[in-house]
Structure formats: structure tokens, C-alpha cells
Amino acid sequence: MMKKVRKDELIVPVTFIVFSILCFFLSGISFMFLAEQVALRFIRNIILVLALIFPIMAGMGLNFAVVIGTTITQASFIIVLNFNLTGGRGAALVLAVSLVAAAGVGCVIGRLLNKVRGREMVTSIVVGFLANYIYQLIFVAGFGTVIHVFNKKLVLSTGIGVKNMVDLKTFKEVFDNLGVFRIGEAKISMLLLAMIIVCGFFVFYLMRTPLGQKIRAVGMSEEKSANIGIDTDRIRVIVIVLSTVLAALGQFVYLQNIGSLNVYTEHLDTEKFACAALLAGGASIRKAGVKNAFIGGVLLHTLFVLSPLAGRNAFANASLGEYFRSFVAYGIIAFALVVNLRLERKGE
Amino acid sequence: MGEYVLEVRNLEKYYGQNKVLDKVSLSVRKGEICGLIGANGSGKSTLMNILFGNSIIAGTGGYSGDVVFEGEKVQISTTTEAIGRGIGMIYQEFMLIPEMTVAENIKLTRENTKRIFGRALGSELSYVDRKKDSEDAAAVLEQLGFQIDNSYLVKNISVNAKQFVEIAREVNKQDLKLLLLDEPTAVLNDEDAGKLMKVLKELAKKGTSIIFCSHRLHEICEVCDHVTVLRGGKAVSDYGREELDMRALARDMIGYDVTAVKKERRNQEKKAVLSFRDFSVYMPGEFLDRLNLEVYEGEILGLTSLSGHGKLAAGYGVMGQFPVMGEFLYGGASMDVKNVRKTIEHGIFLLPDDRKNMGLLLEHSVRDNIIFSGFYGRNLFQKKAGGIFSVKDKKEIDRYVKQQIEKLDIKCGNPDQKVKELSGGNQQKVCIARAVLVAPKVLFVMEPTRGVDIGAKEKILDMLVQINREQGATIVVASSELEELKRISDRIAVFCEGRLSQILTPDASDEEFAFAFTGEEGEDGQ
Amino acid sequence: MDSKIKLPQIIITAFMAGLFVLAALLGMDIPELISGSFTKFVMNGVLVLAMIPMINAGVGMNFGLPVGIVAGLLGMCMAIQLRMTGIAGFLGAVALSVVPAVILGLIYAKILNMVKGKEDIAAIFIGYSFIPIMNFVWTVAPFTNREMLYPVGAEGLRPKISLENYFGSVLNELFVLKLGKISVPLGLLLAYAAVCLLVYGFFKTKSGSVMLAVGENEKFCQLSGIRIDRVRTTAIVLSTVIGAAGICVYAQTYGFVELYNAPLSHSFPAVSAILIGGCIGRQAKISHAVLGTYLYQTIYLLSAPIANAILIPQMSEIVRMIITNGIILYAFLKQERRRRQ
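Protein chains in written order, with our numbering: chain A, 239 to 586; chain B, 9 to 534; chain C, 89 to 429.
There is no bait here: all hints are sound.
Quick list of in silico lysine-lysine cross-link-like pairs, DSBU-like style, CA-CA up to 30 Å:
(1) A/K353 with C/K94
(2) B/K400 with C/K307
(3) C/K294 with B/K426
(4) B/K428 with C/K204
(5) C/K294 with B/K350
(6) B/K400 with C/K373
(7) A/K510 with C/K204
Residues from chain C shown here face chain B by an in silico Cβ test under 7 Å; the list is partial:
(8) V298
(9) A301
(10) E304
(11) N305
(12) F308
(13) Q310
Quick caveat, the hints were computed from the structure, so don't treat them as lab data.
These numbers come from a predicted model, not from an experiment.
Glycine included, each C-beta is placed from N, C-alpha and C at the ideal position.
For reference, chain A alone in the conformation it holds in the complex (with noise of 0.2 Å):
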């Protein structure tokens, strides 16, 4: 069934294309530099991008809570690793505690939000700062202290406080090992790969299947849901536990990808970016698919790469492309809310 893809929906993401265009032909780059490093970057945060689906679906708009999957991830980790468990048995045990983990914690952001209605999005900053900051909290002060420490490669000299860059090869060297897709330099495991193509079939999927109906009806109208029987209370959590889950999981394709991680700075504003891109390629605050995700993730990392390089070229400073990818990024958020609020006010 085609439907008919209206003339705002196109706005945003031809915008981003032509300034996509100027950017590179600023930039002086060549194509295949380019589509490498939108490609490396595409495959990190896509999953991260699919996550933001459901929750705009189900009327809770955009999900910032979704870095808090991104730090479990980065707990599960460093976990493993200081009991001292590498190669494959490490990483599925990573992926196994934060996948579950995630959930349980999806279940009490989905409560939370739950009391707050109207205000899911601010809320959702505030628990993911909060979370970003208990994190940090555990791993500074907790490891050393509370927390025994059986991997001494993992703390400070101090003998408190996790390191601020831990090594992952170990996992990453294990799914490597299992076959590689290039594009130009950039490298990425096949099986990641299959993880990011499952991840998009599932979010496309659940979509049309009567829970995704549920879903839509209470991103819809929640009133009208709650009289025709439906539980919007439990759909709402649902729809946050799936957020939590995939975030989680899109968070070890990441470092997994990456061989690496910053473990205080490395989840930072990645959920704002997410929201960026979903928007970029055309979604609203009240309704986005996986082709968005797909379409939106290549625009802003496509326009990300360029943004800088064109400064540094045209400009002589490469400062004022991040100021530019900064707005942009920021600025179509600001700008998605505005617009929507107001298209929200005229219907009432």
C-alpha cells in the first residue's frame, strides 16, 4: 500500500541534502573518505536511532531516557571485565546482563513516566541526566570503595575510581574474527551488522502487528484508547521497556564497533543526536518509522562529517562547521517541538 508522502514531511530532509550538497564541495573531501566515515558512524548509532520509534509512536514523544540504555551497556562492560571475562563468553555475558537489565530498568522509566503525563520529555532529560551522574557516581567513587575491584587494570592509580579509557579489544577481536564487511577503511563485524538489519526488521515489524496497532491508538488519542479497552498504562511501559532494550543493544554495536570506551564521556548527548537524525529524515514528534531512521541516520551523519571539514577548508576554521552541525542538530529539535506544539494547539 503506498501512501502518499506529504509535502512537510519532505522539508526537513531536502533541506538537509542541499546543505549537504554546499557543505561537501566546501569541504573538498572525496566521495569514498566521505561515505566511509558516514558509514562507521551510521552503523554505531542506528540502532540508537530506531529505539526513539516507539516511544513517538505511542504519544511520549521524544525518549531522551534512552542514553540510560547506552550506560547500562557501558556498566555490563566493565562488570565483565572485572571478573576478568574476555573473548566471546565475555562479550555474550555483556550482551545477556545489559539486554536484561535494561528491560528491568526500562519497566521503572516506563512507571515513572507514566506519573508524568504531558511532561514525558522534560522528564525524560532530567532521569537521563540523573542516571548519566549515578553512573558516574559508581564508577569514580563506588569502584575501589563498595565495590571490590578483582581487575587492577581497570582503576586508577589510586586504587579508586575506574580509569577513564578502557580497553575492549577482547570482545571486539572475537566477532571481527567472524567475518568483516568493508567499506573503503572503515571495518565492521558481519555479525554487528546482523544485529543492526534484525534490529530494523523488529521495529518494522512490531509495527503491524496488533500491539503495534495498541500502540499507535495511544500515540493517537489516550482517552479514547483507555475507553475501547486498551491499557494504556501497560502499553506505555511496554513501549519504553522496548526504548531501554534496543538502546541497550544498540549502545554494544557501538563499542563493539568502536574497540574502545570513554567510560564517563563516551554516552554524552548521543540521545539528542538520535532525536536529530530521526528528525532529519522527516519524522515528527508524533509519528517516525524505520525508514526515517535509515534515511535520517545517512542525512546528519552525511552532514556532520562535512560541517567541520567545510569550515576548516573554506573558513580556514573548523570551528565554526561544529557550531553549524551544533545548530542544526539542536536547532531541528527546537524546531520539530515548535511546530508540532503548534499544529497540537490548532487541532484542539
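Position chains B and C against the provided structure of chain A, taking the given hints into account.
Here is chains B and C on its own, set in the frame of chain A:
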């Protein structure tokens, strides 16, 4: 007909201090169509909400009494549970998702899924079979005798069609034991209403019991096996099929007028101060449809209707609270309702029915509330300090406030007392004092005596009459209490289904009023 | 209605007292810490006062404080460019901030009036997206004062501009009162008190009381003929102007004008401070701002040396942020519970 599918015994429910259901008992047999009629505040919507497990019941303190469904005592607390037991509900406001298609709405929560997934994933997580859903939907609509392309989005179809889709959704449920209908024909034309009656009769024959709520008495008489009339939260009468008589039903619904009111006709010039031309107001739950009416200068005009039939909409529409269409003229000039400040400056004012949320600043004192609109909206009570700064003229304010408190007999400790500590009646008096200060030329008053004790009621009604006689203000009172309107109004406009039904004089008969409320035509085709 | 001091305030005060005790046990210089607490208190105090007009008008927490801060930064840069020094320089900086604050405030207000009900999330992202624009401005702005610019090679203003030769610490050093070992910066406190008085006075005027009424019940005011959007705009512009003045006070105490991404770090702490002071989001009083700022800033002040003493220096910042966000989350939950009643 067989055993009882539903028995309701001594149901009681309070909303705060208000008793909305007072020992109501009711029983419905299998395959029976039971009619339920009642006017404003009669409790019929509450009864339906209890039966369908609507969350608002639990959220406001639950209910007492027994609900026996299929011989088993039950406590239905969620709509999911009600549906699980085989109870369906068709709401007065459509519970349809506008951005979904007709077919999707009909099959929502009961979609067909592709069989290959079936057992492994369960019905919730299997891929939806769109084609089969569409076929099912088409089949149900055909059964109802209604034609529509089920791939249309619900938001784009007519109101008529929406009602049928709502009905189709319920009817499509397997094993529907009890169907509750709340004013299902309110938006249907005669032909479609007839189709619906046919469908209901067929459903009943197949064994589904039906509780049918409507104010359209002729339909009730046509299709019901027996009828219960609710008034003031009590079940006042019960009629079997043979005894059904529209006039009796109407009278029971509205109630007898115990004190016959004789009001002297005032000789007044009929000069129109306010004119409505095809004035429609899109107030959710209270639509007003193309009103054509002239309000005469110096009169007290009453507006009344069954709840949700439009009496409140005109006032709120004039004050720009909801989207409007058509024209509204004041003194012959067309007004822009969106410019609330200008409307007030011209002399039109409104006291809302929702006092606590719209009519008062609860955390402020009696004094501050009384002078608010006058001081901030009309710049009264100001004097110049040192010739430049505007400050509050405290002395004048105190004098005026004291005068109003005495005149209206507002029971408060002192003028500084917070208004939220006052009783409902005294709060309303504060609102009236606020309106008096503004000296409006036209005053809209919404439900002036709702939540007000008897003693204060008299005072408030007297004040309204006084404002009219002394200040020469035209007053438009929207109220569900016919008694009061009869006492103070010069004319009473009755609305039905959003349209102006009749304009009656206060001394018109009960029957005339009853028929005006229900939109039925009397014997002589009035 | 409810007592001024409630459970959250008691817990926070107890926590602060606990930190003082801990500091004493660790042998720290308590009088110095107390003096420092006064300074930090006023330094941030005016920024917290900037929350009050918007909260009272029902526009929500001013998460868009960066807008006002940027106006203040512009004012200070212009003052430095004009080489204004001393108290006059400081006052000049504040005066120069007013025009940008009003202009930016009006634009900010226009956007916020389009998103009634979700002002907080919109404000956060308005702030986030405005900062990169300003980063661009700081980089290309035609300021010529050498002390403001990057050393040779790079383009644009430096991220941290020293106020040593201009109006740094002018208020701090005005009228310092010594009580034994504790030095009380009276000049600073008087300046703060003056601003508090101005805000208090405003809410006693007609405009101020209309603002309070709109915040309390918008529908009621609309039905009384009040122009709601105008009142909201006034509140937002006021908050922005106070925010601009606030960053001037902060900068002169700190001794540096911080540009680029620095404005973003002030909004959450300011929101948190007024919540700690007892405001639950509907009506904000001066007392809320004063109490909240003092508690918040003193905890911050104490936590740094204590964290250093126990060898985990990063802990002070982390704990402060946990408290900040925790309080805000608590307030959101409490507001919902109130609305439901």
C-alpha cells in the same frame, strides 16, 4: 427471553457530596432491549459508566450496591474487564481514532493475524492480516446496512458514518452479551436511525441484551421491551412494552411542576440588543448548531436543554472560548469573538458554570475577587498618586466591597478571607458582585445555582432580577433547573441536539416543555 | 496553607549541616568557608531571582536562562571593549545588557507563547540551539580590545576573559565587614538585597498582581478581559533582563567572563535552587529564591574541599548534579500529584 443477563440492585454513587445514584435497581433479560431515559443529572451516564468499568468511577470513590452479571456478582473496574466479559459500549462522543481507517477502527484490539505466526507468538505479536480485517469490516457494515469505503480515515468521514463505524466495532465482537448504547441516534438522520433500530432488534433476537439510552422518545417506544425512567438519581418509573406512552415518559423524565408560577408579562419594547445569525459553536460535548435568535434589550432570557444539548455553548462562543462559525451581532454591529477584551469593553460579560476553575481566584481574598474584573479589566478604582502613578483607591474599594457583602449577604469572616474557604453559595455571590461592578449591558450567567444551597439560591436569583431591573442589564441565563428559569425569565429558549427547539413563555405547560426538550412533536404537530 | 518548611527543605538543610560537621572534623577553616558561602550565595542569587517572573505568570521554569545570560555577556563584552572600569564599569555593563536582553526576550517570548503547556522542553532546546549561534558570534565579532581576544593565531574572543583590569570584584570588596574571622561582603549583599526588593516591589504593583493572577488562573483572567499573551511576554522579558543582570553579578564576583558553552551550565542549577527553596512550580516567592540559593550554593562550596580530602575530587561535581537533577525530578512528580487531586 430467558434468565437475567444483568441485575443491578440498590446502586448508589456519590460524586463528592452529590448523590448521583440513589438506590437504583434495574434488570435486563437475555435478548431484551431495555430503554433508559433521564434528564440532566438523572444518573444515567453514571450508571452506564459503572457497568462498563470506566476509570472515572473508581477514581471518584467507587460505588455501593450490587451488579450481578450472568448470575455472578461482579466488580467491574476496568473497561478491559468489561469487554472481556462480553459487554460493549457505544459512547455519545465517538471513541474512534481519527487518524486510523474505518477498518482499523472496527477491528482495533481484535485484528486478524496471519496464521503462520499464530501459535508461536500469540495473537498480540503476529503480523496483522490487513486484507482479512478489511473483509470483516465490510461484512459488518453491510450487516448494518451502511455503505462506506473502509479504507477512509475516520477523521474524513461524516458524523453519520462515524456513528455507524462505532456501532460496527461493537457489533463485530464475538459473543457480545450486553450492549450499552448512550444516545446512539443523536446524530443520525431518520433513515439511518431506522436502520439502527432494525439492527438492534436483530441483535436482540440473536441473544444480545441491550440497554438503550436516548431522549428520542418515539424510538424508545418503537424498539424497547421495557423502559426505566431515572430522575434525580432515582428510578422513578418502569414501563413494560404495552404501557409505553410518550407523554407519560416525557412527564416522568422532566418531572412535575409542583409550584405553578404565575408571572406577569412585562410590557417591553422588543428591541434586539444581541443577534445570532447561523451561529455555531464547536464546544466539545455541547455543540451549538446554527442558532438564529434575537435577544431583546432589558429582558431576562433563559436557555435550557438536556445536558450536552447546547445551552452552555452560546455564552462561551460569544466569549471566544471555542471555535465558532456564523455571525453574532451586538447593537447591529458584527463582533469578533476572539477579541475577548473588546467584547468585555463593549459591555458583554460572562459568569462561567465552572466556578472553581474559571470564575474565581481561589487563593485570593473576597475583596480581590470582587474587584478583579473591574480593576484590571475596566480600570476602575484607581486614583493618581502624586499625579503620575496609578494606585489602588483603597478607601473606595473597601467601601464598595463592604456594600456588596451586605447587599448579597455574603457570609465570610472578613473581606480578606480567601475565597476558597467560602461555601458554594457564597462563592457564587462573590462572582455576582464581581459582575455587578463591571456594570455589563449584557450578562451571560451559566448555571447560576449549581452547587449552591437553598438559602443562597433565592438570594442569587433575586440579585439577577435586581441587576436586570435596576441596572437595565439584559441577562441570558443558561441553566438546567427549569424551575428557576420559570421564576425569573421573560422567555425560555429550549435547545435539543444543538438546535433551537422552542421558545416558550414561563407559563407554558409541562408537556410543551417536555416535548421541547426531547425534540418530539406534540399531537398537534407543534 | 502549607507550612513554609517542608520535608525536602529539612533534608537538604540537614545535609548541609552534616557537611559542615564533616568539614570541621576534617580540620577545615570553617570561618573561611562561611565567608565563602556568602559570596557564592550572592554570586548566583540574582540568576535564581530570574526564575520568579516566569513561574509566577504560569510560563513554567525558565530553562531558557541561557538567553538572558547571553544578553548579559554581550553587555559585559561591550563594557570591556569600551574599557569601563570600577563600579561605574559594572553598572555600565548591566545597563548595556538591557537592550539585548529585551530584544532577545521578546523573540524568546514569541516562541514560548506558541507552545503553551510545553514551555520547559521547548526552552531547553531553544537554549541549546541558540548557543552555537552565539559561539559563531563570539568567533567573528569585531571586538578590538586585545585582552578579550585569543592570543596570536586563533580567531575570535577567548573563552574566559579576565575582569581584573575592569570591574572584577568591585562589589565584593565594597564594605567588607569583619566579624572575628568571618568576612561578610556587605556591598555584595546590599546589591543583592536591592534586586530582591525590586522584584518584590514589582509584584506589589498592578502589573505584578495581574501577572500573579494569570499564573494562578489563566482562564479566569481571560474572561476578565486581560491580554494573556502580553502578560506572559512581560514576564519572560523580565526574567531575561534579570538573568542578564545575574550573569554580570556572577562574572564580577568570579573575576571572569565565560563565553561559548558556559551559559548552558547555569539553568539547571538555578531551577534546582528555587525548587530547593520550597517553590513547587506554581508560585515563587523571594524567600524561596533566597533560601534555595543559600542551601544549594553552600552545599556546592563545601563539597569540593571535602571531596578533595577523601581523594575523589570529581565527586563534588557529581553529587551536586545528582542533587540538582534529583530535586527537579521530585518537583515534577509532586506537581503531577497535585494536579491530579
